[in-house]
Amino acid sequence: MSLLLENVTKRFGDYTAVDDLTLSVEKGTMYGFLGANGAGKTTTFRMILGLLNANEGKITWNGKAISYATSPEIGYLPEERGLYPKMKVEEQLIFLAQLRGMKKSDARMAMNKWLNRMEITHYANKKVEELSKGNQQKIQVVASLMHNPQLLILDEPFSGLDPVNVEMLKEAILQFRNDGATIVFSSHRMDHVEELCEQLSIIDKGKQVVSGTLRDVKRSFGKQNVRINSDNDLAHLEAIAGVTSVQKSIEGALYQVESEQVANDLLTAALKSGPIRHFGIEEPSLQEIFIEKVGKQHA
Amino acid sequence: MREFMIIFKQAFMTKAKTKSFIITTSIMIAAVFLFANMEKIIDTVKSVTGGDGDTSEVMQVLDESGVLAERLKVQLESSESDIQMELSGKSEKTLTDQVKEGEIDSFLTLALDDTNTIQANYTSMSAMESALPMMLQDALQSIQTEMKAEELSLTGEQVQTLFAPIQFELQSVSASAKTEEELSQARGLVYVLMFLIYFAVIIYSSMIATEVAAEKSSRVMEILISSVSPVKHMFAKVFGIGSLGLLQMALLGLAGYIALKTTTSEMADGFFSVFGFSTMNMGTLVYALVFFLLGYFLFATLAALLGSLVSRTEDVQQIIMPMTLLIVAGFMIAATGLGNPEMAYLKYASFFPFFAPLVMFLRVGMLDLPVWEPLLSIAIMLVTIFLLGWFGARVYRGGVLMYGPSRSLKDIKKAIQLGKE
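For the record, the sequence lines run as chains A and B.
Take the first sequence: its position 289, counting from 1, is numbered 289 in our numbering, and each next residue is one higher.
Take the second sequence: its position 73, counting from 1, is numbered 372 in our numbering, and each next residue is one higher.
Hints should not be assumed to be uniformly reliable.
[What the hints assert, rightly or not] For each label pair, taking beta carbons as the anchor points, the in silico distance ranges come out as:
no.	chain 1	residue 1	chain 2	residue 2	range
1	A	162	B	321	34 to 42 Å
2	A	56	B	318	45 to 53 Å
3	B	303	A	60	22 to 30 Å
[Stated by the list, open to error] With a straight-line Cα cutoff of 30 Å, these simulated DSS-like cross-link-like pairs (lysine-lysine) come out:
no.	chain 1	residue 1	chain 2	residue 2
4	A	113	B	713
5	A	126	B	318
6	B	318	A	58
7	A	88	B	713
8	B	713	A	104
9	B	318	A	103
10	A	207	B	308
11	A	64	B	531
12	B	713	A	103
13	B	560	A	86
14	B	713	A	126
15	B	392	A	127
Rather than coming from a laboratory, the hints here were simulated on the basis of the structure.
For each residue, glycine too, the CB sits at the ideal point set by N, CA and C.
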């Protein structure tokens, strides 16, 4: 039970939008898809949904190709709000759920449950264009979840939501995962991906530059951060071999180091100049990895 | 089929429920009733605003001959005209000033020249008015004739024979031609139905294009086509809006029927019979329905194809312009044929699929065509609709995924390419 992309390549004329992408998402897990704008995320999603065909490689869901026959099992949240602005929330949600194979009565029940859960029941009779962006996004999320999909494709699900609503949505998505759904989502927010995803990919210009479990990605990045707080002057630490960069703060400094050995060297050197108040080895954040892997090539 | 019905219903219901649809339909129905009862309404207005006293005029007459005014009065009375005249003693100049100042509407000066020919001069503010001077001219013409006849000492009967009308009838040898009487009867009906077809096709096909572009711009299209194939979506949309069009036409037709049935009898055999409404021709109505449907599907598939190419509703009018021009051209060609439906170019145009809905309808409504002609034209249209549907579906598949500043017909190629991928 999983989503499998094997050596998928998509070209538009001379332009390669997705280049040799391989990934697998197990049932009951969440996969984070990171990439700068125009990296090929949406194209990948469209291929998973069957809207575009890959030039090379294949995409399977539970061993089968994805087609309109499997559409009731799939939930899709497009990046930009995909709703009829002039249609009432209620009519719209039932219409979209019916298209995903639900009966009208079931759709109504599911809709009430979800609107309730998202605390937006009072918008049921409003037109979508009358709602705020955040509430539109919530409606959009309900539209993609209502029919209880087994495979959820979420393109930027958290954009435009305030922190309270982000938590509400995270909870809903986590519940789906715990119930056994397979979830792929893209985001610019690294913290969301770190928090939610077992596995992730960073793609840049159609190429997968980093992939694997969160821990593997961080380990294989090779670099770690060492934070030392001290009242003494630590300027001489910058010269130690293996320190790649230093960020000074009021209380001390954050050193990016190449290996754990360098961290030990730093500690020894720091203690020589007097007592320290804090010493810690921190894993690199996804943000750093992303900027390092994607940002540098752009520069 | 299930998804088809869901989208069909959605396309139909959301439009049918909009205020704009309900309001325009009501206004059109009201207009039909208003038009059918126009005469009654005018009469009512007349009687309310003071009746005849207001409309009949007292005309000042300046008679230099001394005999004409009296004869004119008799003549006008005998022809039951409601023109009131009054002999004026004032000078021409004073009267002219009065006209200028708006105190009187007009005045007439009458004189006889050396040869006893009437010299009449009608003065009014502007030359716009034509009914009254025409009547006066007619009346004076008969007076003149009488006077000359008296001069030549001819009797009344002798004068009558001078003016006996000749027998002149139009006869046509063409097999397809209808008699002049039939033609003018058919003309009104064909004209009205042609207009309906023209408007309906233009309105509903551009509605399709706008709908498709709106779905694209709101990105709801992405969700739709991830649940339903674009081709199914396109045809469900075309059928949904088409049914909406049929409903509106049916409501209008019903309103027209009721309006004609309930209106005063004068109307039915007066003005309306001239336009062929009293002799409703069932055949023409059936053809109107057939050509409306064919025209609609032909242009709606084209419109859906074009609408899928743009990603903003603002660009819709621009991209469907060539299509709109085709419809307008078809209408123009058909309109020129109302006077003479036997023209050769009409025959050719009626087999060109994009003109056929209007031009063939015109010919079939106005002429007695051999059955194969409309059938062939219908067949040509069906084939074209089929081809357009097939081609349109291919463009549509890719078109709906295309975003960006695409607003030219060149994008069709790009869309097909994308649809294949």
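Here is what the structure says about each hint:
no.: 1; hint: 162(A) to 321(B): 34 to 42 Å; verdict: holds (39 Å)
no.: 2; hint: 56(A) to 318(B): 45 to 53 Å; verdict: holds (52 Å)
no.: 3; hint: 303(B) to 60(A): 22 to 30 Å; verdict: holds (28 Å)
no.: 4; hint: 113(A) to 713(B); verdict: violated (43 Å)
no.: 5; hint: 126(A) to 318(B); verdict: holds (16 Å)
no.: 6; hint: 318(B) to 58(A); verdict: violated (48 Å)
no.: 7; hint: 88(A) to 713(B); verdict: violated (35 Å)
no.: 8; hint: 713(B) to 104(A); verdict: violated (38 Å)
no.: 9; hint: 318(B) to 103(A); verdict: holds (29 Å)
no.: 10; hint: 207(A) to 308(B); verdict: violated (43 Å)
no.: 11; hint: 64(A) to 531(B); verdict: holds (23 Å)
no.: 12; hint: 713(B) to 103(A); verdict: violated (38 Å)
no.: 13; hint: 560(B) to 86(A); verdict: violated (40 Å)
no.: 14; hint: 713(B) to 126(A); verdict: violated (38 Å)
no.: 15; hint: 392(B) to 127(A); verdict: violated (72 Å)
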